[in-house]
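If you want the building blocks of each chain, they are given just below.
2 protein chains.
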Amino acid sequence: MEYVSRLNRLRQSLAARKIDALLVSQPENRRYLSGYTACDHGIAETSGLLLIPRQGTPYLLTDFRFREQADNDTEHFEILLYPKGVLPLLRKLCYDLDINRLGFESHYTLHSTAEKLQELGKRLSVEVLPLSGIVERLRVIKDENELALIRRSVQLNEKVFQEVFASLDDKATEVDIALEIATRMRKAGAESESFETIVAAGAASSLPHSVPGSGKLIADGPLLIDMGLILDGYCSDMTRSFCLGRANEDYRKIHRLVRQAMLQGIDAVKAGVTCREVDQAARRVIEDAGYGKYFGHALGHGVGLAVHEEPRISPKSRRKLRSGMIITIEPGIYIPGWGGVRLENMVAVTDDGYEVLNHDTTLLDL
Amino acid sequence: MEYVSRLNRLRQSLAARKIDALLVSQPENRRYLSGYTACDHGIAETSGLLLIPRQGTPYLLTDFRFREQADNDTEHFEILLYPKGVLPLLRKLCYDLDINRLGFESHYTLHSTAEKLQELGKRLSVEVLPLSGIVERLRVIKDENELALIRRSVQLNEKVFQEVFASLDDKATEVDIALEIATRMRKAGAESESFETIVAAGAASSLPHSVPGSGKLIADGPLLIDMGLILDGYCSDMTRSFCLGRANEDYRKIHRLVRQAMLQGIDAVKAGVTCREVDQAARRVIEDAGYGKYFGHALGHGVGLAVHEEPRISPKSRRKLRSGMIITIEPGIYIPGWGGVRLENMVAVTDDGYEVLNHDTTLLDL
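For the protein sequence lines, the chains are A and B, in the order given.
Numbered per this note's numbering, the first sequence spans residues 1 to 366.
Numbered per this note's numbering, the second sequence spans residues 1001 to 1366.
In isolation and in its complexed conformation, chain A is listed as follows (with noise of 0.2 Å):
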């Protein structure tokens, strides 16, 4: 049902930039437009791809290997496989189809391969041209069933962290704490981890983006785990900072003051608004204590299929905010040296403000 409301968007975009046909090659924008849900183990080894006409049946292209997935998968496409390769498809495909002008994204899209299809162009006078952002502009605004599968995703993230801040020991190091939260996820039916997990203790957390170590966690020392998982293709994620031990004085300041941002920066969503207009509401907070040197990164991001994805929330964007975007509010403060708090929700854009997707709250009042 909604497959075909996308396709038929998709299509008016075709129309309008008169293309005869698209070839979708990023895995996200595949699996929105198809359903269709295999992985690529990176871009040179696809499991397929769509070719979307302007008209008339779409085809979901892909090897023997794939097959039974992409028949369980998919209902409105038509299910071709290549035996030597997608070139020799292609061409018989612009022919049958009519095709003169085709497009692909030249964003995933290796070089190397957009020369062959440009060469087959050439022979058969088709124009090829590159395109970029034509899937992922519809995918922005999510639908009622993208809000309901990613309420879900949210749901169970938050579950196996509550489970793994519940079993929580001082023995454990970063690296323990980043297993166990992936074997969780998948035991309780994740696809995988939306994004590689952070877990950083101590100094660690000062870097936003700390890689988790074998060190020993530090017993009154900061934590930082900002993880997300995938669960019917749909991303999460969340970061919660706290202490092991009892926080000092100094640790639950810089905490009130992040989630004082964190909630002044949601507050601030709602259709109409600017990115930076909220980026600002939570940064002003950090900024007005004396800390603004130390929040070096945008606020936010899209969440969806992709766990990075339009809207970017930063200080520069004067993007406006739509009912229907899911975004990130994610403040921190990062002292070298000393370490860093970083707290984070998804938030849901609606026409008169805004619904919190993340009900943990727990270590939110510190």
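Derived from the structure by calculation, the hints contain no laboratory data.
Be a bit skeptical, because a hint or two may be false.
Here are the simulated lysine-lysine pairs, DSS-like style, with alpha carbons at most 30 Å apart [to be verified]:
#: 1; chain 1: A; residue 1: Lys116; chain 2: B; residue 2: Lys1320
#: 2; chain 1: B; residue 1: Lys1187; chain 2: A; residue 2: Lys116
#: 3; chain 1: A; residue 1: Lys171; chain 2: A; residue 2: Lys187
#: 4; chain 1: A; residue 1: Lys187; chain 2: B; residue 2: Lys1187
#: 5; chain 1: A; residue 1: Lys84; chain 2: B; residue 2: Lys1316
#: 6; chain 1: A; residue 1: Lys159; chain 2: B; residue 2: Lys1171
#: 7; chain 1: A; residue 1: Lys92; chain 2: B; residue 2: Lys1316
Here the structure of chain A is known, so what remains is to put chain B in place on it, guided by the hints.
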């Protein structure tokens, strides 16, 4: 030490092509030439690029997040940070180093990125040239240091396999076993799996690329485990097939056949022999027993920094093995509805034969 020699060999290759400098984006190539261990989160989120001029200092271009890692990992490289993307920095370097012909890796550069490079080239009157496989060609022959690292990777992989094998019980699911393997790998010091572990129970083992599911193990059914890890950058890859309970005569017969095929394949390995001769030596065993149509893939592949690299040991390849290549030998028989048996060892090619890198033999005598 080895990095100097690798750079020198690359530079000979650049000189032969009259290339003034090569931009290296492919992560394993980057690590091979510089020792830089950072990972990319997909092709669109690079953790840095090498710029290797034909003479003089080589450069590692990255951003502030990776500065410390870049400094720690590399010895002969000058680290340059790009605050605003790589293009402005590249423009400056082309000018400062008087680069007239700049190569880039066509098979690991997005079309959209290549377009930007080519625009830059036009503005600077620099020829921007797509190249392919130029570093990969060097990586095919492993030096002593690499051989030692791969031996350790194989050894650790076997240790994890043996631990997991010893603790198997018939209540575990495919997913449970795969997660147990991944966790033990990481705890034992591996950077990660070298590919997504295959655990296929019962009839699922007839799919060469089966994805682990949560179905229960069948006590006396076939089980196939294909697993590998990355240790200090280098990959291992091993497959074992067995029955958890007592194997029936059918299974034992197929298993013996595959084992015989693997041993014959290994025995054909020697510098100067073509890849298809090795493939044929193993395949003949299976064909002669009447199971040829149940062995539908190539016999093996090279392994190094990447788990799949050159050479392919396929029925068609006339390429000759050379001393220092490291390859897998992995014949299989897959009978739909019944199950499959695959056995895989890694082998180093030597002048007068081979060295089998795997020592786990307990399961090969069923």
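Exercise. Given the hint that Lys116/A pairs with Lys1320/B, does the C-alpha gap stay at or below 30 Å?
Worked result: The given pair, whose Cα atoms are some 28 Å apart, holds under the 30 Å limit.
Exercise. Has the given pair, Lys1187/B with Lys116/A, been kept, meaning a C-alpha gap of at most 30 Å?
Worked result: Measuring from Cα to Cα gives roughly 43 Å; hence the hint is violated.
Exercise. Between Lys159/A and Lys1171/B, is the straight-line Cα distance small enough, at 30 Å or below?
Worked result: 25 Å, holds
For this session: For the pair supplied as a hint, Lys187/A and Lys1187/B, confirm whether the alpha-carbon distance does not exceed 30 Å.
Result: 19 Å, holds
For this session: For the pair we were handed, Lys84/A and Lys1316/B, check the Cα-Cα distance against 30 Å.
Result: 14 Å, holds
Exercise. Straight-line Cα separation of Lys171/A and Lys187/A no greater than 30 Å?
Worked result: Roughly 24 Å separates the two Cα atoms, so the pair holds.
Exercise. Within 30 Å, alpha carbon to alpha carbon, are Lys92/A and Lys1316/B?
Worked result: Holds, at roughly 26 Å.
Hint violations for this structure: number 2 only, all remaining hints satisfied.
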